[in-house]
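**Student:** Spelled out, the chains give:
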Amino acid sequence: MMIMDNNLKRLQAQREAMLPPDIEPRVTHQVHTFSFFSKVVELFVPNALDTATRMVGGEAMPPSGPGATDPDGWRRSPRQLY
Amino acid sequence: MTAKAATLGRKVEYTDSELIALYLKDQNPLYFSTLYRRYAGKVFGKCISMLNDEGLARDATQDVFIKVTLNLAKFTEQSSFSTWLYSITYNYCIDLIRKKKKMPMVFTEDMGAVHKGADVEIADSVILEMETNRLEKVMELLPPGDKAILLMKYADDLPIREMGDILGKTESAVKMQIMRAKQKTQAIYENMYGKDPIV
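Each protein sequence line maps, in turn, to chains V and Z.
Numbering of the first sequence is given in the numbering used here, commencing with residue 181 and proceeding in unit increments.
Numbering of the second sequence is given in the numbering used here, commencing with residue 124 and proceeding in unit increments.
Chain V with its partners taken away, still in its complex shape (with noise of 0.2 Å):
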């Protein structure tokens, strides 16, 4: 907690009680924005971005996951695979 030792902080703290709040829920609103809109980057970009790389001809990405390095994985069955 400050500590009221001078009329500057006195000052201020009037001013921070000045506060209006319907700031809060603006910012709130913009958070909520960007918070989705990079969940959405995140899930979806490079997902297109392999699409992209593979509609001009490039490499896919290596196959992860589970099975990916088993080169005969493609033979089983998933519930074998798993």
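Note that these hints are calculated values from the structure, not bench results.
Heads up, some of the hints might be wrong.
Ranges of calculated distance between the beta carbons of each label pair, as one might list FRET restraints [what the hints assert, rightly or not]:
1. 237/V - 291/Z: 44 to 52 Å
2. 198/Z - 237/V: 37 to 45 Å
3. 214/Z - 185/V: 22 to 30 Å
4. 198/Z - 220/V: 21 to 29 Å
5. 223/Z - 208/V: 23 to 31 Å
6. 246/Z - 208/V: 42 to 50 Å
7. 205/V - 214/Z: 47 to 55 Å
8. 255/V - 138/Z: 29 to 37 Å
9. 177/Z - 234/V: 52 to 60 Å
10. 185/V - 138/Z: 20 to 28 Å
11. 228/V - 282/Z: 43 to 51 Å
12. 244/Z - 216/V: 53 to 61 Å
13. 185/V - 244/Z: 14 to 22 Å
Every residue gets a Cβ at the ideal spot worked out from N, C-alpha and C, and that includes glycine.
For this one, chain V is given, so just place chain Z on it according to the hints.
**Tutor:** Quick look at chain Z alone, frame taken from chain V:
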């Protein structure tokens, strides 16, 4: 202010650093709201002092917090979160004043009004004990850089090194700016209230 903890939900308490880490990990706006509630008053108070206008201060507070959201991943914890937030606030306000008034002068020194022989040490009581209403009027007439440096020293209790980091100045330059700002404050007071004693 180094915040020790804040309440999020009912029982769990988090420090600033924990809230930032959780927000960056989960992107849950609730964590950011807690940070906002902890510091919004401080940021708004500084914006009013710097800009002398409630409407501008309102917009500036919103912009500062949005800037913080966008740059939170760059916060390295070399300083406390509050110092980082205040540095964004002061620099935002100074830039806004520069743009609005088209004035490159931020400190008294930039205005060329200080003579080299006038390096007289002024007592802190000039700022600390001036009557609040008068202090408010005198502060309004100070150049933005001087205002920021006095707020950092006497309202935020920031160490000289951190003030230098915020303003991009050396420690000796900051000490000189503080002295000049106090001289300017006294000069404005004498201009407004004559020889009426400050204390």
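**Student:** Could you run down the list of hints and mark each one as holding or not?
**Tutor:** Each hint tested on the structure:
1. 237/V - 291/Z: 44 to 52 Å: Holds: the Cβ-Cβ distance is about 50 Å, inside 44 to 52 Å.
2. 198/Z - 237/V: 37 to 45 Å: With a Cβ separation near 42 Å, residue 198/Z and residue 237/V satisfy 37 to 45 Å, so the hint holds.
3. 214/Z - 185/V: 22 to 30 Å: 27 Å, holds
4. 198/Z - 220/V: 21 to 29 Å: With Cβ atoms ~24 Å apart, the hint holds.
5. 223/Z - 208/V: 23 to 31 Å: 28 Å, holds
6. 246/Z - 208/V: 42 to 50 Å: 45 Å, holds
7. 205/V - 214/Z: 47 to 55 Å: About 26 Å separates the Cβ atoms of residue 205/V and residue 214/Z, which means 47 to 55 Å is violated.
8. 255/V - 138/Z: 29 to 37 Å: 53 Å Cβ-Cβ, so the 29 to 37 Å window is violated.
9. 177/Z - 234/V: 52 to 60 Å: 56 Å, holds
10. 185/V - 138/Z: 20 to 28 Å: 26 Å, holds
11. 228/V - 282/Z: 43 to 51 Å: At roughly 48 Å between Cβ atoms, residue 282/Z and residue 228/V fall inside 43 to 51 Å, so the hint holds.
12. 244/Z - 216/V: 53 to 61 Å: Roughly 55 Å apart at Cβ, these two residues keep to the hinted range, so it holds.
13. 185/V - 244/Z: 14 to 22 Å: Distance hint for residue 185/V, residue 244/Z holds at roughly 21 Å.
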